[in-house]
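2 protein chains.
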Amino acid sequence: MTPKPLLKYLLALSCSLPLFTSAQINPKLTSYVNPFIGTGAVKGSLSGNNYPGATVPFGMVQLSPDTRDEPEWDAACGYDHNDNFIAGFSHTHLSGTGAPDLFDILFMPYTGDEKTRAGNAQQAGSGYGSRFSHDHESARAGYYQVKLDDYGINVELTATEHAGFHKYTFPKNSQGRVVIDLNHSTKKPNFGCHVIAAQFHMVNDHAIEGFRVITGWAKLRKVYFYTEFNKPVKSNDLIDGGTQYFDQKLLNGTDLRAVLNFNTGDGSPLLAKVGLSTVSTQNAKLNLVTEIPGWDFNQTVAQANAKWETELDKIKVEGTEQQKQIFYTALYHTCIQPNNYADVNGDYTAIDYTVHNSKAGFYSTFSLWDTYRAANPLYTLIQPQRTAGFVNSMLSQYQAYGYLPIWQLWGQENYCMIGNHAIPVIVDAALKGIPGFDIRKAYEAVKNSSTTDHPGSPFKAWEKYHYMPENVLTQSVSVTLEMAYDDWCVAQLAKKLNKTADYAHFMERSQYFKNLYDTQSGFFRAKNNDGKWLSPFNPLQYGGNGGNPYTEGNAWQYYWYVPQDVKGLIALTGGDSKFTAKLDTFFTLDSKPGEVNGNASGFIGQYAHGNEPSHHITYLYNYAGQPWKTQYYVAKICRELYNTSSSGYAGNEDCGQMSAWYVFSAMGFYPVNPASSVYVIGTPVMRKVVMQLPLNKKFTVLAPNSSADNIYIQSAKLNGKAYTHTFITQQDITSGGTLEFVMGPKPNEHWGVALADRPVK
Amino acid sequence: MTPKPLLKYLLALSCSLPLFTSAQINPKLTSYVNPFIGTGAVKGSLSGNNYPGATVPFGMVQLSPDTRDEPEWDAACGYDHNDNFIAGFSHTHLSGTGAPDLFDILFMPYTGDEKTRAGNAQQAGSGYGSRFSHDHESARAGYYQVKLDDYGINVELTATEHAGFHKYTFPKNSQGRVVIDLNHSTKKPNFGCHVIAAQFHMVNDHAIEGFRVITGWAKLRKVYFYTEFNKPVKSNDLIDGGTQYFDQKLLNGTDLRAVLNFNTGDGSPLLAKVGLSTVSTQNAKLNLVTEIPGWDFNQTVAQANAKWETELDKIKVEGTEQQKQIFYTALYHTCIQPNNYADVNGDYTAIDYTVHNSKAGFYSTFSLWDTYRAANPLYTLIQPQRTAGFVNSMLSQYQAYGYLPIWQLWGQENYCMIGNHAIPVIVDAALKGIPGFDIRKAYEAVKNSSTTDHPGSPFKAWEKYHYMPENVLTQSVSVTLEMAYDDWCVAQLAKKLNKTADYAHFMERSQYFKNLYDTQSGFFRAKNNDGKWLSPFNPLQYGGNGGNPYTEGNAWQYYWYVPQDVKGLIALTGGDSKFTAKLDTFFTLDSKPGEVNGNASGFIGQYAHGNEPSHHITYLYNYAGQPWKTQYYVAKICRELYNTSSSGYAGNEDCGQMSAWYVFSAMGFYPVNPASSVYVIGTPVMRKVVMQLPLNKKFTVLAPNSSADNIYIQSAKLNGKAYTHTFITQQDITSGGTLEFVMGPKPNEHWGVALADRPVK
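Order-wise, the sequence lines are chains A and B. Note that full-length UniProt numbering gives residue 28 to position 28 of the first sequence, counting from 1, and the numbers run on in steps of one. Note that full-length UniProt numbering gives residue 59 to position 59 of the second sequence, counting from 1, and the numbers run on in steps of one.
Just so you know, the hints here were simulated from the structure itself, not pulled from any lab data. Any given hint might turn out to be false.
No copy labels: a pair is met if it fits in one copy or bridges any two.
Unchecked claim - Taking lysine-lysine pairs in the DSBU-like style, the calculated list, with each CA pair at most 30 Å apart, reads:
{"no.": "1", "residue 1": "147", "residue 2": "567"}
{"no.": "2", "residue 1": "460", "residue 2": "249"}
{"no.": "3", "residue 1": "567", "residue 2": "316"}
{"no.": "4", "residue 1": "578", "residue 2": "532"}
{"no.": "5", "residue 1": "316", "residue 2": "688"}
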């Protein structure tokens, strides 16, 4: 269960892939990506819910093993490193979400003889899975390999943006089979998930196509596929539930499996290429033949690797081997989503179930409550073009749906979590001047999304009560705090566009958080619409996702959520010293009464790094003149709550947010207010960082003596000049330059403490 | 509850619609259409499950009142003449089916003041319906009117192919409102019916658009709409479940209602035009503005009426006023479906949930187990162009789905009933030389649909056992008989295309019915795949739709289902006299042991005119030399089991089949074998029939002395020459000509009895 040492990992690669041996000479950055990090808890510890399969940056296809027939909440990505069984390889996955969905078009090779062919329908009920061992499993960016112990089959997988490429090496003299399962993952109670309609169509003896229309966490998804094999299908068994159809060309139903039989006795590999589309089998075919026209598996592996290298190359770091593995795997994870669901010709199924077309692509999987905090700000630095694509995709939901995404999955809104955090993402992109979208349309969208009542967003009540009453909308304290932040973002864009009245109005709304501040308890507390505090109150009491004023957390954790007005929060708390004292208590108070929400993990006192509400809190010491405490806790988290094991994350990866936290923090700064263009300095973990930026600019962070001992900033220079601010700006970075730190084992309690040096004065 | 006399009906029309008063001077054929016929059982008798609303021939929109919030099996068309409550007016309905579905986009006008506006959300739960009385209700082809007693609102409705047109006359000084309900009809257990997603979007103060995506009898339907009003929407309340949103532009959800408030105090009518589409709101708008560009309600009524006049004008009849009402209402009902679901630009959502385009339209609602018997043969005579459209639409399912429709609803297969009766429909059209489709593609489709295993059609078992074993597929006797008939149809097309081997093979399959003939009991009986008769056996025992060898009937009713080889059936029975004696018993034996299936009704002995398996049986006497008994029973059914009341049908109308039976039989002949181009002569009910045919041909049937007493054919002439055959052919009809009958009160037991005169020699 321990993570693979890099050497063993590279060795495995060199055996299976001659192309890649060059990596040993000039190690590519992709060689530091270990897709097994975060794939499974070690001895009851924590995991990221990451999957190890093959994908390309921001691609629609994530081809990965599912270690359960019916992946549930605890293996929402489909894979758990603790399992020793593989049900098959499905083409779509979510990276580190709390809820399971997708798992489309499962392929599984197996072996059998003619005699057992008649038993395929019976076997369908129990699956075609195989045991496997991590000893015979490997993965890197864009490539996954495993030996299926029950069949002796070596499986290799790679991917393009819209297609998966499978390579199955069967034992000699075996009768090779491939089952395609269109009902995989649906036999569980979550979200009433079930297949409404599905189809297989044997196009010819080398090709099969089909689709499944399925309900789930995404209300309704259409998934079309087109598959080609390098060998002819000798015979096929199409199966609907318990009924088997021999050598039939076509089958419609809801519980469909296809078993395809091949001549594999000569030991030459069976290759399968699978194109996906949300629109039609024709488009799935177009995607496939465009992206994988030939049969050179290694070439596709190399192309996937090159795409990853291009993305990772945007940030070059120096540090320990372990740090580089953590860093580049984290950077890799941030680029797994959002996913471009548009076909190569631009077609995609939109939120109103009509076909739209966008030549620039259409991105989905917006886990915004998580990613607006750090993942999206990171994209503004290293993915400006895609950031415009994300914004335009979110604006297209606004056009068709009337408001921006809250949690968009497969192009559809599932209303998961609270707030409207497409707003900070879009405002941040607009204020940073990311080109490629219409800033006026963006303003229309963020404003209307802040005034149009919709599920989880009763703005008329917000405007009426100036806080969110718990009896109007549960999770009301968290909602009030996060809504006030979103309002501040709207105000900033209004200001930029000289919309004075709007600016004033939304700035007023951004202060509503104060209406839930209870001076007596010293916490943000819930009220009903009668204006009275809800009692009893216990600041340690946890809420989940409803029925309690706090979202996946407690009053202690939500106390700190005023990123738009930390100064105001400090004032409410009673000034700097009371504020830092309260932070000290927060990081040391480890009582956990009642049921701790499953998302809360990675504790330091009340701080829970495993969930997003805590993510900015370590950085708040800077605002009150004690930056060395920020440095202490950030270093502690970077060095203790991330590692290279399958348990390398302190909680769900959440579509890149846990990784983005590390990427930023390891570089030395973090976007506490993610739409402010300001990054608050923590402590650099890497000895050197070079960020490649647009217009051929480079931003370098040097901390040559950073180490596990030297976690404290002694002094800093920006572009050669002494630098005492505990923050840097977007412009500091994008203009290019060098930020240098001298680190030491003891706090320098004079650096960065002056009022003028603080992120907010 | 008694039907409206024609005079009262015409009077009502003349009051409300000046345009139509001309009908009193030169009665149009549409004046004989009484849409209330068959809309509700009178005193526990029978009904056709017809709806009285407004539609145009073969149009997508059927705008009709729903007298229940949740129409169930017993009011599957949405309307029961026994009800005194209207829930609203929805835009899509099924005419006389056994199962409920559609009921899309319900509109309901009502009145209320500002004070009660806040109560709309509460009211949403209980509905906005109103009481009504048949005294203030009227309908004709393409027009429906009712006074809503609770509100004093006069509602008038008309339709085009893709749009509904509403005219609401509110009381003076009232506050007029219209609710649009997107969740109407879903709160019932049938087929797991529920809304997956829905949307309202206030386009401007005169327009609202939206959609609902819904599961049901059709697995998944997308219904988009676009509505324009002639008055501005003063204010709106959008409602999702129990939550009300005031004056919001847009709402997404699953339990959606929109309440729109208008200034109606001046008493001028509020007009609403509603376009529908399966593709998008844009297409719904295109449909609307193309078909109803202006605001002239009366003009749309007149256009709808003219369309109906064109269809009805294809058969001119002379008879009693009541006979003409029955006849033209029946002819009207045959033209309500199949429906053209393609938008005016040809777009439609196909069976694989992709958007297809067919400039010639795309027809759906194929209740083929019912309509292949007589409705489709009728279309070959008076709707040849649409018949080609029907065939091409069915072939497009074959292309996308691998086999032809069994029961196609809203473009989707629901596998209702047994057999593959698109085959006789297509073969019939091909053999009759209907132009406009590719006969070779048609053959490919019928052959592959007869060899590709699919739900309800295990052809490998059929080929293996040479009958359908009950333990392979239930309803096996009915399946065996109907499958054998379909096979005969395939053989006929194979023969025409000189596919000799196919012809021989399918002719052999068409004889498999003999393998279930039990000489001991003298009935078709079920076997399991062990080849043994299932026991005990009771020929009176009813089956429903599974779990019994007989489909919605018993062994007595299915005994007669060998239309492809009546001669063979006569031989099995033991010759003419045993055959006619068995028919005599059939029509007089009235025991009904066990539970009679709900579809069995309209009994004469074991004969059940209310369901399709019986429909051809009266005509079988002709095959055994006793045509006067055919004449007796056909006359009895025409004169006793059809009338002009709301209970005017002896059972479900079944999408035109009950009506087509009457249209044919009242003219004097019926397609016993619907793909043989042969019509068997019964007894003419009409004194004169003139059928307008392609190439400007006319076929006339004269029976000047036909009456309730004179039901027996004394002699006949075809084109002036003595005619003793008890059948005519498609060519006799389409060549044009005159068939004359002399009728009398007593059988002429010499006419039509010779072997040479029988439909099969």
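Could you place residue 578 and residue 532 in one of the four classes (within, between, both, neither) given a Cα distance threshold of 30 Å? Close inside one copy (26 Å), not across copies (91 Å); limit 30 Å.
Can you tell me if residue 147 and residue 567 fall within 30 Å by alpha carbon in one copy, between copies, both or neither? Cα proximity of residue 147 and residue 567: none, with 57 Å in one copy and 66 Å across.
Within a copy, between copies, both or neither: which one fits residue 460 and residue 249 at a CA-CA cutoff of 30 Å? Between copies, since 14 Å is at most 30 Å while 57 Å is not.
Within, between, both or neither: residue 316, residue 688 at alpha-carbon 30 Å: within (8 Å within a copy, 94 Å between copies)
With identical chains treated as interchangeable, where does the CA-CA distance between residue 567 and residue 316 reach 30 Å or less: within a copy, between copies, both, or neither? Close neither inside one copy (35 Å) nor across copies (89 Å); limit 30 Å.
Taken one by one, the earlier hints fail for this structure at numbers 1 and 3, listed in ascending order.
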